[in-house]
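Quick mapping for you: the protein sequence lines, in order, are chains C and R.
Heads up: the first sequence at position 197 corresponds to 197 in UniProt numbering, and the numbers run straight through without jumps.
Heads up: the second sequence at position 187 corresponds to 187 in UniProt numbering, and the numbers run straight through without jumps.
Note that these hints are calculated values from the structure, not bench results.
Ideal Cβ positions, reconstructed from N, Cα and C, are used throughout, including at glycine.
Any given hint could be a false lead.
Stated by the list, open to error - Short, incomplete list of chain C residues facing chain R, as computed with Cβ under 8 Å:
1. 46
2. 49
3. 50
4. 61
5. 63
6. 65
7. 71
8. 76
9. 89
10. 90
11. 96
12. 101
13. 103
14. 104
15. 105
16. 148
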Amino acid sequence: MVLKVYGPHFASPKRALVTLIEKGVPFETVPVDLMKGEHKQPAYLALQPFGTVPAVVDGDYKIFESRAVMRYVAEKYRSQGPDLLGKTVEERGQVEQWLDVEATTYNPPLLNLTLHIMFASVMGFPSDEKLIKESEEKLAAVLDVYEAHLSKSKYLAGDFVSLADLAHLPFTDYLVGPIGKAYLIKDRKHVSAWWDDISSRPAWKETLEKYSFPA
Amino acid sequence: MVVKLYGQVTAACPQRVLLCLLEKDIEFEIVHIDLDTLEQKKPEHLLRQPFGQVPAIEDGNFKLFESRAIARYYATKHSDQGTNLLGKSLEHRAIVDQWTDVEVGYFNVLVHPLVMNLVIKPRLGEECDAVLVEELKVKLGVVLDIYDNQLASNRFLAGDEFTMADLTHMPAMGYLMRTDINRMVKDRVNMNRWWEEVTARPAWKKLMKMAGFLT
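Turn these sequences into a full structure, and let the hints guide you.
See the structure below:
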């Protein structure tokens, strides 16, 4: 039975998708219609009780939270494709550190920008200009730290690409695209080079090609 | 070599690491970083943790920050010592990771501002945002219902055993339980049962004594 990823057209599920493609793992996707409220229906809540995407089903096994799925896939398929967890316990520690930075520090202000710039009108709430300004400032401060770090390190966890780098792809793709704030990345020399590197990986290009939101 | 933990013993994030080290019988030394005088933002600490937060660890030449990454590192490195915090199989570990990630995205995102407004701001003589507190309580109620449901059919968050998934919630939950909001946990049968069981653990009691919350 092939692994299934629910909600492929949205950003968070793409963390799981890019990892599966990097590792050469076959999978299927199941669309979830957020506009129609499919994620709040009992059938979906049985897979993901918080009603968000992604959810993953692998035979009898169910798992949610995109970064937990990334870790699961990277560990289960350790011997194929790039080693996205590092080679030692210490390298894995560095991967976990930057994966957590993405979750606790990078993504929250970026998520505010995503919701208030891209989705406010569609989701029917007023776009909060003050929050947008504060979120951009917060994200800029975080990116200054990234700039200093990436001036000494090719990728976030060291000289190897890891889950930590991949986790940044989906929402940063929104940032440089529809959010219209590519300058936050481009104006920082090392962040820009890192972004160009990871976003040109064939697995990411394939993810975007196959699972971008239908126009 | 003894693990050096930089942080304040009363702060939730350093407590997350301390609880892991206590559960795993790993020796440590706390180097106090004074949050009240913003020592975490000073140049010396920024070299250890570039985002200006606590905790950070130094273990010989190895350095790490992000409390959950540090806890996962030690739980992996010393997997056969003390409490097993990462589950018995790859699939179980992924469920542990799943609920640990839920703590970041659904629990802490609400509990952190609640504790800031109900505990920290009054202590610093700042005004509490009462409107925000009410909004957060409503959202927290929804989340705690999901947790309560999970704990109705599972002794601990990720199954029959105490894991990182439970541990990671405990420091912030400890703060929440010392406010009037503790009713939100006590009134939910399964959450209450779980909280009583996890806080009866010797490692937790030791931590609370160290932090001066228990005599």
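Hints, one by one, checked against the model:
Restraint check, residue 46(C) versus chain R: the minimum CB separation of about 11 Å is more than 8 Å; hint violated. Interface hint at residue 49(C): satisfied, since its Cβ lies 5 Å from the closest Cβ of chain R, which is below the 8 Å cut-off. With 8 Å as the threshold, the beta carbon of residue 50(C) comes within range of chain R, its nearest partner Cβ sitting at about 6 Å, so the hint holds. With its C-beta approaching chain R no nearer than about 6 Å, residue 61(C) sits inside the 8 Å limit, and its interface hint holds.
The beta carbon of residue 63(C) comes within 5 Å of a beta carbon in chain R, closer than 8 Å, and the hint placing it at the interface holds. The beta carbon of residue 65(C) is positioned within 8 Å of a beta carbon in chain R (closest approach about 4 Å), and the interface hint is therefore held. At a threshold of 8 Å, the smallest CB-CB gap from residue 71(C) to chain R is about 5 Å, leaving the interface hint in force. Interface hint status for residue 76(C): upheld, as the beta-carbon distance to the closest one in chain R is roughly 6 Å, under 8 Å.
Annotation: residue 89(C) was flagged as interfacial toward chain R, and the flag holds, the nearest CB pair being 5 Å apart, inside 8 Å. The beta carbon of residue 90(C) comes within 6 Å of a beta carbon in chain R, closer than 8 Å, and the hint placing it at the interface holds. Because the smallest distance between the Cβ of residue 96(C) and any Cβ of chain R comes to about 4 Å, under 8 Å, the interface hint for this residue holds. Using the Cβ-Cβ criterion of 8 Å, the hint placing residue 101(C) at the interface with chain R is satisfied: the shortest such distance is roughly 6 Å.
Annotation: interface hint on residue 103(C) holds; nearest CB of chain R at approximately 5 Å, less than 8 Å. Among the interface hints, the one on residue 104(C) holds; its C-beta lies about 6 Å from the nearest C-beta in chain R, closer than the 8 Å criterion. Taking 8 Å as the C-beta contact cut-off toward chain R, the hint placing residue 105(C) at the interface holds, the least distance being around 6 Å. This hint holds: residue 148(C) has a C-beta 7 Å from the nearest C-beta of chain R, less than the 8 Å allowed.
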